[in-house]
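Visitor: If you read the sequences in order, they're chains A and B.
Each residue of the first sequence is one higher than the last, beginning at 1 in full-length UniProt numbering.
Each residue of the second sequence is one higher than the last, beginning at 1 in full-length UniProt numbering.
No lab work stands behind these hints, which were simulated from the structure alone.
Treat the hints loosely; a few may be bogus.
Since copy identity is lost for identical chains, a pair holds within one copy or between any two.
To be verified - Once the Cα atoms are required to be at most 35 Å apart in a straight line, the calculated DSBU-like pairs of lysine-lysine come out as:
#, residue 1, residue 2
1, LYS359, LYS486
2, LYS397, LYS486
3, LYS444, LYS359
4, LYS359, LYS478
5, LYS397, LYS444
6, LYS77, LYS486
7, LYS478, LYS525
8, LYS444, LYS98
9, LYS98, LYS478
10, LYS486, LYS98
11, LYS397, LYS98
12, LYS525, LYS263
There are 2 protein chains.
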Amino acid sequence: MTQHPEESKHRTVVIVGGVAGGASCAARLRRLDENAQIIMVERGPHISFANCGLPYHLSGVIEERDSLLVQTPESFKARYGVDVRVLTEVVDIDRDAKTVELRDVDTDARSTLAYDQLVLSPGATPFIPPIPGADLPQVHVLRNIPDMDRILAACNDEQPAHVTVVGAGFIGLEVAENLEHRGIDVTVVEMAAQVMPNLDREMAAALSDACARHGVEVLTSTRVNAIEEDGERLAVQTLDGPTVATDLVVMAVGVRPAVELAKAADLTLGERGGIRVDETLRTSDPDIFAIGDAVEVTHRVTGQTGFMPLAGPANRQGRLVADIIGGLERTYGGPLGTSIIKVFDTVSACTGMSEGLAKRLDLDHRVAWISGSSHASYFPGAENITLKAIFDPTDGKLLGAQGYGRDGVDKRIDVLATAIAAGMTVDALEELDLAYAPPFSSAKDPVNHLGAVAAGMLAGAHPTIAWNEVAELGDDVKLVDVRTEKEYAAGTIPGAVNIPLDNLRERLDELDRDVPIVINCKRGKRGYLAVRILLQHGFEARNLLGGYCLWSMAVGDDR
Amino acid sequence: MTQHPEESKHRTVVIVGGVAGGASCAARLRRLDENAQIIMVERGPHISFANCGLPYHLSGVIEERDSLLVQTPESFKARYGVDVRVLTEVVDIDRDAKTVELRDVDTDARSTLAYDQLVLSPGATPFIPPIPGADLPQVHVLRNIPDMDRILAACNDEQPAHVTVVGAGFIGLEVAENLEHRGIDVTVVEMAAQVMPNLDREMAAALSDACARHGVEVLTSTRVNAIEEDGERLAVQTLDGPTVATDLVVMAVGVRPAVELAKAADLTLGERGGIRVDETLRTSDPDIFAIGDAVEVTHRVTGQTGFMPLAGPANRQGRLVADIIGGLERTYGGPLGTSIIKVFDTVSACTGMSEGLAKRLDLDHRVAWISGSSHASYFPGAENITLKAIFDPTDGKLLGAQGYGRDGVDKRIDVLATAIAAGMTVDALEELDLAYAPPFSSAKDPVNHLGAVAAGMLAGAHPTIAWNEVAELGDDVKLVDVRTEKEYAAGTIPGAVNIPLDNLRERLDELDRDVPIVINCKRGKRGYLAVRILLQHGFEARNLLGGYCLWSMAVGDDR
């Protein structure tokens, strides 16, 4: 690591924004350069607070408000020797003079600050749809500590019986869960056809199911067009949906990158309206870097440009910019978009390319689903996990993965994210030597199983059908359910006949070799063997991946 | 996938051993070849039982004995059409005639069976040290269901107040934990200087600590040389240790590969005495394959030949041999040796090359340790995790990783195992885009942190010292503890002076630039910043990785 003491003695780095990326950048830069003058300017009253923890203080799951304040301006200054200025806004950048104009939020006093390098980490602001009533005092957003304090005060003071959450992304669903924990009735209204639009539909369905089981109403494909006062309550009006009588509204329809400052300074914006940066996270001005939610990033797998308003990438971008300012040669490889959400007892997660995006991009791809156990099924506490792999049919390269379940989803998605980052093929997943003891996994981990199924598909040994292709099957296909008679009696796919797997070999003469067969079982495992038996006896057969469980979860209300 | 129906119609595959690898092989082969005659011969009464679950039924953690019987001979036959012959021993192989001689264990009746391919999956047998008293009826082993039944019967009938477990490997420690759960006092006697000799010492120390905290006595560096009857009790005599008064002994000193059959058939054995196989898992006879605990494997990272008596590799080897017999082109890449153990509330795990082995092989390597949180520290239930990386100093390639903690160790070791399999460098670990939400991780996951520390070491930015180098420090080194006064007062490394990190910059004049400094803090994080400050002010300084916590855990009783 090359230090440039002569230079650095005089270097002044101004960082705009003191949360996530900004704070990481300041801390890392100090480690690299003890002599730089580092000034971190934050519009709000807090720096480096636990943004992602805010919903959990609404319920008391996170008991102490102060535990959300990871660093205070004072502690950060003492530790890192960074000049932290909260309640201070950067209102203008003079790129020629290399100065920024500061405004004291309380007093409106102005001052000017010179910089050698400027790092923009302005974040994003909650989007408020331009509908009547959005400005009512009972309508909240949740982005920072003051927002949280306001919602909490309203819950304590007004004791709302019902809250409407508009938007079913991370914040919307986490707020819904935590308000339900408080004993408040919650309705979530989502414009899209599913919750969590970054997840493929069956993954989102598992979250909707969790909401329903815990008494949270979710209205998808429903657009709020007005919020009206109705006596002491509110009426949330929707297009094509019911009017929801409620006491308090939390708007969580997404965020918009805070680009006003960058725009006013004539920095180049990207096609999606965020700050454009190169692979060193420099803006169109080489002395100005930008990181975090306001920046357009290039997805490592999809090559798509877009926003990735997540804490992990912001943190890594902050470190990387510090490294570059500190004289190290680094480039940003782009995020994989790995993300995870817990809603009540259910977890869904994704990494890399989704099936939905592969379809929209018209990319050649295949999809495998498996269902497995979080750990050895004979050891207490084992939970079902459903995983999917999106992979390249030409070389078997893993492009994306998603999963839902309760315990152990995070582990498998992290392993799959690592595999994607390494450019692994599905064959390599099958061979991964993962840690096994009964409390943690099975001798064949679900990730190994996923790799084996995908590899079998590639080898042509395992003809399959996806849950979302079942509805398109014509009458010329024979559906065979190979579960036990008891399982079959409890519910099956409409039209399926029952031939239990262990009787299949002796009952082959009940099937017609001229009629294509689609097999279903509980989770896809018995179906695989059934298909292998049928293929080798001259039948045309395909296995419904994920079986009846995945199909019924994913199709859900559409049945 | 190429099918050879003409050939396969006549193919007879005999599999010797019906647990783990053998059963996996039979099931996979049936999927590939519906027409093969598959005969699975098992000496014991059960096939495909949950070997790794046995200790947990001793305590009732696994309540139902039957849940350990994953498949019965009948269910396996119905499902896979495999001719399963339990309580049947293969006593001889006639390689020229391609036949095996079977013996009925109950009746001693003999018969002959022809094979086209033979798969040896004989497993291993518990080693009983040749000491007086090892054959007493109160001395048990735990390898299979009848062994478990015997120990359970003895516990129920005799109500032992104290049990001695000889050997502190997987089975020994798991048996100790589960007997303690029953309310029995347990002493573990281990010949080596630490428990779990495949783990590096500090990882093993965490397990010893868990035993001590839960009232299980562990005697390391202690060799049992006799077991004597002493009235109604037993006296376990040790060399260089106490005599242990006990009621029951479980011998868990390791297993020996069951190679008698292979040896009698003149198949080549390896240098360690196991069955030698090539990369297609063929023995020296091309029609005879061997898998599982009896086989010598080549470690994927270390290149060392040895035994890997673990369920995961056995399972994958079984599948792979089935693939090869089924006509697929596959080779075995060797295991990484990934393994994990839970002892009470503590988990230790490893993958790839250990530090100990790197030292024994005199390989150029470096080691990084970090300590992090299983998930966001402000979210309930966060637990500390200590991770180490063993890496190549020339290219930064990850060679091995180990970890201990409570929650989330398994996830990080699986990510690191995947990274090793992919040939990743420590820099790449720093950039991994892992799934973050407060219940699962932090924006900077411990794996990212480990990668960052290792990368900083490689870049020369982070001079470090390991916990096991502290004892060798001479008087010419100044030890500085940068924790708070309160932390320092509660215990520190002997000789360390206290300068809290947040006061370091103003107290630099208390330190001598001519005296090398070693910094310690709680877990190594504050120490890193302290070292960065000191280096940039012209001091020579090194950071104690893992801090006081790792040092005091690892040094333990030696202090």
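Visitor: Name the hints, by number, that the structure is in violation of.
Guide: 1, 2, 9, 10, 11, 12
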